[in-house]
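> For reference, the chains in residue letters:
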Amino acid sequence: MTTTCRWEAAESPSAAPGTPPPPAPERGTGATGRSRRRRGWALLIFAAIVVSAVAAGIGREQVIKSEGAGSLFDFFAAAASPRLDADFLALTGTAMLTTLAYAVLGTALSLVIGLIGGILTSQAWWESGVRTRRGRRLAGWGLARAVLVVPRGIHEVVWGLFFLVVFGIDPIVAVLAIGIPFGAVTAKVFSELLDETGRRPYTALVAAGSSKWSAMLYGLLPPALPDLISYGFYRFECAIRSAAILGLVGAGGLGFQLALSFQTLRYPEIWTLLFALILLSVAADYWSSLVRSARARGRQRSRDGGGVRRDPLLTASLVFGAVLIGLSSWWIGLDIAVLWSGKAWEFGIQLLSDAWPPSVGDTGFGGLLMLAGVTLAMSIVAITIAFALGAVFAVPASTPAQGRDHIERGAMARIGRTTAMLASRFVLVVLRAIPPPVWALLLLFVMYPGILPGAIALAIYTTGVLGRLMAESVDNLDARPLRAIRSTGASASKVFCYGVIPAAAPRFVAYGLYRWEVTIRETVVVGVVGAGGLGLLLQHQISAFNYAGALTTLAMLILLTLVVDITSAAIRRSVR
Amino acid sequence: MSSPIFALDGVGVSYGKNTALARVDLTVEPGERIAIIGPSGAGKSTLIGVLNGTVAATSGEVTALGCDYRRAPAREIRKSQRRVGTIHQRFDLVEQLRTVHNVNAGRLGSWPFWKAALSLLLPRDVQRVRAALDRVGIGDKLHHRTGDLSGGEQQRVAIARVLVQDPVMILADEPVASIDPARGREIMSLLLELSAEAGVTLLACLHDVDMALGSFERVVGLRAGQIAFDKKRADLTDDEVDALYAFERATEPR
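If you read the protein sequences in the order shown, they are chains A and B. Position 7 (the first sequence) corresponds to 7 in this note's numbering; numbering is contiguous. Position 234 (the second sequence) corresponds to 234 in this note's numbering; numbering is contiguous.
These aren't lab readings, by the way, just hints derived from the structure by calculation. Mixed in with the good hints there might be a few duds.
Cut-off 27 angstroms, straight-line C-alpha distance, at most; resulting in silico cross-link-like pairs (DSSO-like, lysine-lysine) [claimed, not checked]:
1. B:Lys115 / B:Lys79
2. B:Lys79 / A:Lys212
3. A:Lys212 / B:Lys115
Derived contacts from chain B toward chain A, CB cut-off under 10 angstroms, selection only [as the list claims (entries may be wrong)]:
4. Gly85
5. Arg90
6. Leu93
7. His101
8. Ala105
9. Arg107
10. Ser110
11. Trp111
12. Leu122
13. Leu194
14. Leu236
15. Thr237
Each residue gets a CB set at the ideal place from its N, CA and C atoms; glycine is no exception.
Construct the entire structure; sequences and hints are all you get.
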């Protein structure tokens with residue numbers, strides 16, 4: 001499943017857009033300068049982790065609520081007896097379909113935005129034509145890129161809160177809240193896909209007097225489309241989780257039911273809903289990885305000169321997806337007429353005029369900076385824990401065989417290895433199926449509200465995602481050097497230390513940094529359930545109708561994510 | 001039709017410090033068949049690019065079918081481009097599409113966008129496509145995926161695409177360079193036949209000097225971005241041709 005890795009990397013918001021990766025800065029050329037720079041980063045990272053841990057209150061404040069252990073135990077005990085009567089199952093089923101419908105329609109919208117936005121932000125679009133001046137072309141391209149930065153920097157939940165104010169409780173809220181930020185990310189990935197595609201057929205059509213849109217349609221889209229569609233399935237997988245989180249803030253579906261059951265602490269109900277969420281998430285994961293691995297094989301085949309062939313699985317999935325879109329909009333009663341209803345516009349304009357000019361509020365700028373620091377600390381603690389746990393799970397979760405494992409061992413060992421793989425994969429999928437705010441709510445049984453429960457909630461969820469990415473990168477290791485080490489008579493553990501770790505470590509670090517960029521955005525989500533930082537402040541400001549303050553906080557958040565993106569890109573460059 | 005199809009007046013193209021073409025004067029009259037020869041890197045492909053409007057001249061005047069490429073509005077330029085068909089060395093077909101779509105791509109300049117989009121689902125003007133494919137000898141490949149065809153067949157698809165474009169001028173950039181010599185001769189004579197049949201002007205860049213001297217009435221020698229000679233085939237001497245490649249040959253053996 002090379003595809004995930006490719007995209008996770010392409011998606012990383014800071015990768016230089018569309019241009020070839022910038023050459024590593026040639027400061028202190030040669031191996032010594034490189035290793036000195038790496039050592040510098042390592043020191044800095046270590047210091048950041050220590051500072052963040054202290055800031056998060058580890059070992060300083062009392063964080064554990066011992067009296068909550070009993071209720072946590074009750075909670076887990078209830079897992080064996082979820083509420084399964086017909087009424088509640090019907091309710092769960094309905095909620096499940098609603099969440100699914102949000103995810104489907106949100107993904108569909110994001111694909112439309114991504115397709116058009118991707119074309120308009122591709123270099124192929126701006127560089128063709130006979131006479132347009134270079135300066136104007138660059139300006140157009142840069143402007144199109146810049147327009148997409150803001151929707152990408154704002155988390156789905158914030159979009160959700162905004163649209164809730166504008167439209168009230170309406171299915172369109174979830175669709176827009178997922179579709180807009182996902183669409184901006186898709187546009188970026190898709191413009192890169194388009195620019196990787198050979199441009200000669202497209203240029204030839206433009207030379208024959210075709211309009212740019214027609215030339216795109218015939219010359220550039222057909223080769224790039226399968227990749228876009230299979231990327232769409234990856235987004236769909238993410239959209240299921242987003243749809244659930246949006247439910248928590250009031251958009252309906254599984255998340256909404258979860259929030260209700262949490263308020264009344266009905267554990268058996270919570271478990272029924274969680275099982276439904278896990279089921280949905282696993283199904284989406286499975287479908288998406290099926291489509292994407294088929295696509296990866298197709299790409300491999302065409303690289304090997306086997307010619308391009310239609311992919312039946314992709315076509316079937318596409319047809320099924322189209323049917324799902326139709327059913328989904330019927331199920332949630334989507335009515336896009338609300339988009340141009342006068343009332344929504346009135347609310348929207350009212351909100352924006354309330355928000356302008358942004359105000360710093362009573363905490364002052366210093367207070368805002370401090371909260372930004374807290375948010376940063378939360379993300380660093382979260383990613384540190386997730387990185388360690390993810391690496392621990394990744395090795396057993398990787399596929400056995402391929403010359404690096406216990407092939408020549410007995411049947412028992414092989415069964416043990418397979419069991420370990422299935423078990424750790426199952427753990428990872430459960431960890432990422434349950435959204436971070438739900439983990440945070442669970443942690444609040446045994447912890448006092450604060451940064452730490454938020455950080456741990458994010459860490460648990462991120463472990464699920466990161467562990468899978470890392471396992472895939474172990475799967476994709478070149479097997480030849482491992483076989484060479486094995487042929488010297490080295491034991492499996494030696495092969496692991498000398499072959500697997502050195503080869504996989506740089507990728508692990510790259511994924512860790514990439515997920516750090518995602519995590520800083522997700523701090524908003526746990527902030528919403530009271531875990532501190534800028535997210536909590538934003539939630540307070542929005543519920544107090546203090547939109548001017550919320551706008552400032554939002555700007556601060558975008559700035560913070562930008563700083564994290566740039567830092568992460570710099571570290572990744574030095575690791576590469 | 002007394003006005004020239006192309007008129008290049010002191011045309012130069014440079015990329016930064018590199019000069020690809022310098023002070024090129026060239027006039028193409030309707031019905032002419034011209035071969036451009038010269039060593040690799042002489043600027044042949046750049047010249048084709050200037051003629052079909054994908055490469056902007058950095059100096060001089062380019063007039064194509066009465067349209068000034070440097071000043072005319074984009075709409076006018078597209079109108080001229082529509083009447084100039086180009087066949088490329090590497091075919092420039094979309095391998096993922098069926099042959100019928102790749103041929104129809106030649107019509108995109110005259111089709112509105114909706115028709116182009118619709119045609120991908122329900123191919124339009126199939127009769128015309130079939131006639132063009134029949135003419136180039138692969139009428140049975142209408143619904144094949146283009147990527148599955150052989151190199152020679154793909155070049156025939158590219159020619160069929162130019163045929164449905166119905167141009168007054170065909171530009172061919174090394175049309176036979178990437179297929180074997182026997183297929184190459186077939187394709188070349190097909191091109192000459194087609195241009196004679198329809199009275200279409202033909203200008204071809206060729207690496208194969210014998211082919212150029214054997215079949216074209218007018219030969220233009222290009223070297224280091226400048227025109228070395230521009231003569232009727234009958235007036236051209238072997239010495240002039242040898243001189244064109246002299247530098248290349250002198251440096252080759254090392």
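> Please list, smallest to largest, the hint numbers that this structure does not respect.
Hints 12, 13, 14, 15 not satisfied by this model.
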